[in-house]
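K.L.:
This is what each chain is made of:
There are 2 protein chains.
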Amino acid sequence: MRVLGIIVEYNPFHYGHLYHLRKSIEKISPDYVVAVMSGNFVQRGEPSIIDKFARAEIALKSGVDIVIELPLIYSIQDAGGFAIGAVGILERFGVITDIVFGSESAREDVLEKIANITIVYKDQLQKEIRKGMKMGLSFPNARKMALKNLVKKLSISIDPSIIDIIENSNDILGLEYIRALNLYNSKIKFSCIKRVGAKYSDEEFKGRFSSASAVRKMLELSNYKVLDHLPEISREIIKREFDSGRGPIFYENMAPLVLGIMRTMERKDFSKFYGFVEGLDQRFSKFSRQAANLKELLELVKSKRFTFTKLRRLSLYPIFKITEWLIKESNRLGPQYIRVLGFTTKGRELLAIAKKKSSIPLISTPSLYEKVLLKVLKSKDKPVFLKKDLYIEQFKRDVMATNIYSLFYKNPRYKKGERDMRIPVIQML
Amino acid sequence: MRVLGIIVEYNPFHYGHLYHLRKSIEKISPDYVVAVMSGNFVQRGEPSIIDKFARAEIALKSGVDIVIELPLIYSIQDAGGFAIGAVGILERFGVITDIVFGSESAREDVLEKIANITIVYKDQLQKEIRKGMKMGLSFPNARKMALKNLVKKLSISIDPSIIDIIENSNDILGLEYIRALNLYNSKIKFSCIKRVGAKYSDEEFKGRFSSASAVRKMLELSNYKVLDHLPEISREIIKREFDSGRGPIFYENMAPLVLGIMRTMERKDFSKFYGFVEGLDQRFSKFSRQAANLKELLELVKSKRFTFTKLRRLSLYPIFKITEWLIKESNRLGPQYIRVLGFTTKGRELLAIAKKKSSIPLISTPSLYEKVLLKVLKSKDKPVFLKKDLYIEQFKRDVMATNIYSLFYKNPRYKKGERDMRIPVIQML
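Taken in sequence, the protein lines are chains P and V.
Position 264, counted from 1, in the first sequence is what the numbering used here calls 264; the numbers after and before it change by one each time, with no gaps.
Position 385, counted from 1, in the second sequence is what the numbering used here calls 385; the numbers after and before it change by one each time, with no gaps.
Some hints here could point you the wrong way.
One copy or two, it doesn't matter: identical chains are merged, so the pair holds either way.
In silico lysine-lysine, DSSO-like type, Cα no more than 27 Å apart, as pairs [as the list claims (entries may be wrong)]:
(1) 396 with 268
(2) 134 with 375
(3) 328 with 268
(4) 239 with 355
It should be emphasised that the hints constitute simulated quantities derived from the structure, not laboratory data.
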């Protein structure tokens, strides 16, 4: 039995995603396809255009058999944390045999080699990276420089210039996926598919081959014609969501909440949350009072050392109370549960198998999340990495994220919270 | 020299307010008129329709010589705390000789007698009030019942039925003003003016004699014609504010912030703030997730024991971090500074006198608030009730309140914070 695992955000689902899905299936010929998908907040540190339930539905109608939610604590982390969560879910689901990810370079050999270097020479590398960041480089750039220096110094049989391939976001993520597979001692095989069309971050609209960023940009400008360039299923469901007043939702909608919370915080209050280091506590505290909106906030806080994406993610941490403990424990112990958002008839078969193979609790009825945990905690093969408090803190964040997300729906009837507890798992039977 | 002190909210300024002002001046023939006015958040637990700067301007153009801001910590408390703040400011300003307040009954003698009973028989009364509240009565009703019983039991020479006069909000406030004057051992004389027209809480629109509530209600329904029924100065300034995109601002505008903050709080987190007792922590926590807006929130949380106004005020406490310590210390030690929002030419004369007479720091340039404090702390007649930490915590809340309020302006350019630090004291010279 071959089971393909993919890691996605589908924000929103476009032809590039469909291409990746089809090519991966062609490559692996799997019996089942499982997607781990970011929930209502994505790695760019913003709410998804439409909610996780609708995005899961699109995935299930496009060839995915099971959609699992990536817990918030991983979905709004940097590439490293994101990968620990996503790969951890696929690994602990217990039935995945292959992971395929998109890559600008599609150089599996190089990515694997670099991943190994970062593992074997971890300490030297960290020292070098810190040096680079002190010089004002952002983390990605500091790492690239550190890697190049290391490769030269150690005369590793790799052309230093090839390290430039880890410049693009999919390769950066790919590298982290490989590192995470190693971390979990996973037997899952990985392979790449070369990305076609626009770059991830390309905001220019290019028809069918536009990036998700470009599509979101058009939507933000109220140009809904852009939906015509999406696969039919995606287009229909997105239109249905918009017509019902459940989207589109943008980061800027969060301004009263993000600025409001920050304006009632003092500099020292920021230190309760992860990542407000190197003066970022001071900058966020000061500029949340000066900025009139979130765009201005990020522009004011921005420095060479931090990317906009990193700052956007950080801006969510006080809202969701993302503490250092929660991040460190989550990255040390990995995801604590598998929250199934939806499945097809085929997916249901696989779920029955995974129920026996999965090493962490499967949650398909969120209101029972504590019961499910207790059952596993009582069993004799309770895994060492499953911790009650971490499980609860991770899961609460997902429910919290949905409760916050709901506030931004245009239609008042959907602003009611606890949707996670009310919306049943999607069954596409 | 006679100086009249009045306690106002002017939300918004209507003919009833103008009548009260003129009648008070007629009664006292003062040399100067000083108003203590709630800042951007008023005693009903909501933002004011237009901001404190505009409301101060209206007051100065209508016969008031100096407008002082009532610190947030008092403006969003119940009648007792509100009075401790407002009367404390007038007392500590050092030059006020008379206070006149509006009253439904205008029975100064009865109000004074009842006030004295509540002071002399404080303990018995508190026991009785607690009993009534256990039976499910709201605080005002429990107090009324307790007072009646006490008056009967002690055969005090007062007709128990007369206690019914403390049913209306102005009499309730009046009672608290008298109690506060007593608390401060004040030499300020008080008197009443009978209110004309609609009751404070009357929401029905009745032309010139409408209550502020009725006017706000009409504005909430986008009926701006109601402004024609306000005094000219008030009408003009309100229109200017609306046209500039600085209003009207309603409680419901705060929904993303109030619901957002509560939805990320657990039941136990509420106990950090004052007043979430008797299950209110549980009710706010639960219903903030169920409610789609603030109206729904309050309706869901409401029980016989709590008034809507009390619940609305409470809903602001997590935002402004109103702790038990802050409330108790503020009510024990009284206001710590006098923040002047504006003055006329005459008011400037009085300010020069008050500078020498006032027992707490006068702040007319908010950015210098710490300097002003240090100067007084160093002086040898530093008052015992002036505490550095309380002073700072009180003042920070006022700045915070303005920074939050600014988020709700419609015009983005005014959403920038720190208006308290940028807008100079209003000089109507």
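K.L.:
Now tell me if each hint is right for this structure.
P.N.:
Structure-based check of each hint:
1. For the identical chains of this complex, residue 396 and residue 268 are neighbours both inside a copy (25 Å) and across copies (14 Å), given an alpha-carbon limit of 27 Å.
2. For the identical chains of this complex, residue 134 and residue 375 are neighbours neither inside a copy (48 Å) nor across copies (42 Å), given an alpha-carbon limit of 27 Å.
3. Within a single copy, residue 328 and residue 268 get their C-alpha atoms as close as 21 Å, and across copies as close as 24 Å, so both meet the 27 Å cut-off.
4. With identical chains, the CA atoms of residue 239 and residue 355 are never at most 27 Å apart, being 35 Å at best within one copy and 65 Å at best between copies.
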